[in-house]
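Asks: Listed here are the chains, written in short residue letters.
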Amino acid sequence: MKEAGPRLKQGLIASFGGETGREATAEALSYAWANWSRIEVMENPAGYVYQVGRNWARRAERRQARRVRSEAASSWGVGHTEMPLVEPGLLPALGRLSEKQRIAAVLVHGFGWSLTEVAELMDVSVGSVHKHAERGLSKLRKTLGAQVDANR
Amino acid sequence: MPTVETQLRELARHLDTEFTDIEVEELTPPGVVSPVGPPGLYQPSRRRLPPWVVFVGTAVLVLIFVGGVALLTRTFGGESQPPVAPTEESLIDVEFADIPPFRATYSVSGYPEGSAAATADVSYGGPGRGFRLEALEGRPDFLYVTRSALPGGLCEGGMSVWDGELLGIYIGCEPEEEFLVESTGSEFEPLGYLGWHTQGWTADGGSWQEFCRGVDHEELPVEVLAGRTALGIRCIGTRDDFRVWVDAETGLVLKLADSRGEPAWPSDFEATTVEYDPAFASDIFLVEAPPGVTDGRFAPNAEQGTGSEEEPDTSGLTAFDFSASLGDLGLAEGEIAPPFSGPLLDGSTFDLTELRGQPVLIMLWADWCPPCTDSLAPFQAVADQWADRVEFVSVLTLDSTPEIAAGIVEKQDFTVPVVIDLTDSLWNPLGIPGFVLLDEEGRAIAGFLGTAGDDPESAAQTLNYLLEQFLG
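Chain order of the listed sequences is A and B. For the record, in the first sequence the residue sitting at position 121 is 121 according to the working numbering, with numbers rising by one throughout. If you count the second sequence from 1, you need to add 152 to reach the working numbering.
Quick caveat, the hints were computed from the structure, so don't treat them as lab data. Remember, predicted model here, so these are calculated numbers, not experimental data. Glycine included, each C-beta is placed from N, C-alpha and C at the ideal position. Just to be clear, a hint being listed does not mean it is correct.
Unchecked claim - Pulled from the structure, derived: some chain A residues nowhere near chain B, Cβ distances all over 12 Å:
no.: 1; residue: Glu87
no.: 2; residue: Ser114
no.: 3; residue: Leu115
no.: 4; residue: Thr116
no.: 5; residue: Glu134
no.: 6; residue: Gly136
As the list claims (entries may be wrong) - Distance condition first, Cα-Cα at most 20 Å in a straight line; then the derived SDA-like pairs of lysine to any residue:
no.: 7; chain 1: A; residue 1: Lys131; chain 2: B; residue 2: Gly482
no.: 8; chain 1: A; residue 1: Lys131; chain 2: B; residue 2: Asp536
no.: 9; chain 1: A; residue 1: Lys142; chain 2: B; residue 2: Leu623
no.: 10; chain 1: A; residue 1: Lys142; chain 2: B; residue 2: Gly482
no.: 11; chain 1: B; residue 1: Lys563; chain 2: B; residue 2: Asp536
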């Protein structure tokens, strides 16, 4: 759990976008601290804390959906800084992926996590992460019409 | 244009630098002092409890003690207690699949005028039929039906959404898939909530406790709401407090209280009236397009919702237009299939042009796609039935693994040729499974995206229907 905080943040931001992911991270870590004696004996404490944040974020998203008429993709906010290397269509495309595909694709191909690390966070098998990451990437390529990166 | 991988790396770099302001103070609940902090996580400094906290805490302990004594006195003093409904097997614990079908007229309070389905006709048809909601007030043209209730439905969890016109349809198989709609509206409506939870339950085998997963929860005292026995549960978050009460018999959400609801768009609501119709006709789960809506994407085996042995009355249903659905597969009606050849799973080579002179029914599938692998058996059955008139070919595509596919094919005794096309060079479908019928000249004349039916029998019926319609 030494790197739980930063990695948890990456995981939740990958899943829910910057704003919601950030809040969910704070929520999850806050809960983790308050309940650490119970959590530390669990088989996968990091995965459990991730689920805490995920659970909070999903409820937050539903509240948001009730307030704002918007496409699902718009809730995948990333802040206001310009990203010249990122196509405008990437964020809506990410928003249209399933949650599992989104988090796997962003963590594996964006943050460079290993499949094992993502599997531990999501509490699923490595093979499942691989499928989600590749299917997510495949959908993004289709949507954006981008070419496969030959350097990877 | 940068590759997708490059863009994702740039996005990750941006996210890592943009959101670095999570402070330790923010993570430390006020007043929490624990000698056992998560090592390497975020260690708050130890603090002494303020005197006022000690005072209040002592007072609370005294009150608890006094209350406990009073309760013991009443319990053992022979006074009768109000009956409490059993909760051990309550719906709070039971998966939604166990809830019997129901139909109810349902009114709620607590929403801005015109912002919600204040009065709605809500129905649950059981597994395989799913939900239906039709707003009677507030949004008279709003209809919400789970995908599993739709004829030819793909996977449980999806929905079609109408709002005067068809806004979109959900074609994914995972409950987390987004709805493919322009707008779902901002209005809360009760069955949507119910459906939302059911999606999770269907996928996870969960319950309301599952919904609270990750935070503490407690069962609330049994209440009577709108004349119905309501079981409640509270999810206790560190900054969140979510309470929901459901009808003990049907699971219908009767009351919701969310501590973080916003005044302008309150989350809270409460059912004011619930009138159940125990003798409702199950054909309510037939999907009829609202006036003015023309959409041809629903498969023809719509009778599955009736539960009747008789020939279904499909006159009110929108007819399924196989030709129009070719667009979902990236094809135009009459378009000549491109020259296509590739390796077969058995090691030999396939060439589509060699099949000219006979109609060809092609199925696009992937080994990781359960609806696809479920479609192999009905596809094989129809192939056997039409073997003398039609060629059948399956195309393994979309990131499949041939070795895995080979195992599936062997296990299912699937003898239809399997062409390996992992780069989607044949077509570029929006999804899988997909079915395309080519005529003797190689022209695309019909097709559709998605499973042909919920079970092998209905899937085979749909494929037979397609072939009969186009080949006589």
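Asks: Now look at each hint and say whether the structure bears it out.
Replies: Outcome of the hint check:
The non-interface label for Glu87(A) is inconsistent with chain B: the shortest C-beta to C-beta separation is roughly 6 Å, within 12 Å. No beta-carbon of chain B comes within 12 Å of the beta-carbon of Ser114(A); the shortest separation is about 14 Å. At the 12 Å boundary, the C-beta of Leu115(A) stays outside the reach of chain B, the nearest C-beta of that chain being 15 Å off. Non-interface call for Thr116(A) relative to chain B: holds, since the shortest CB-CB distance, roughly 18 Å, exceeds 12 Å.
The claim that Glu134(A) lies off the interface is violated: its Cβ sits roughly 5 Å from the closest Cβ of chain B, which falls inside the 12 Å cut-off. Against chain B, the non-interface label of Gly136(A) is violated: not every CB pair exceeds 12 Å, the least being about 10 Å. For the proposed pair Lys131(A) and Gly482(B), the alpha carbon gap of about 24 Å is over 20 Å, so the pair is violated. Restraint check: the Cα-Cα separation between Lys131(A) and Asp536(B) comes to about 33 Å, which exceeds 20 Å; the hinted pair is violated.
A threshold of 20 Å between alpha carbons decides the hint, and for Lys142(A) with Leu623(B) the separation of about 34 Å lies outside it, so the pair is violated. For the hint linking Lys142(A) to Gly482(B), the alpha-carbon distance of about 12 Å falls within 20 Å, and the restraint holds. Of the supplied pair hints, the one linking Lys563(B) and Asp536(B) holds, its CA atoms being roughly 18 Å apart against a limit of 20 Å.
Hint check: violations occur at hints 1, 5, 6, 7, 8, 9; the rest are consistent with the structure.
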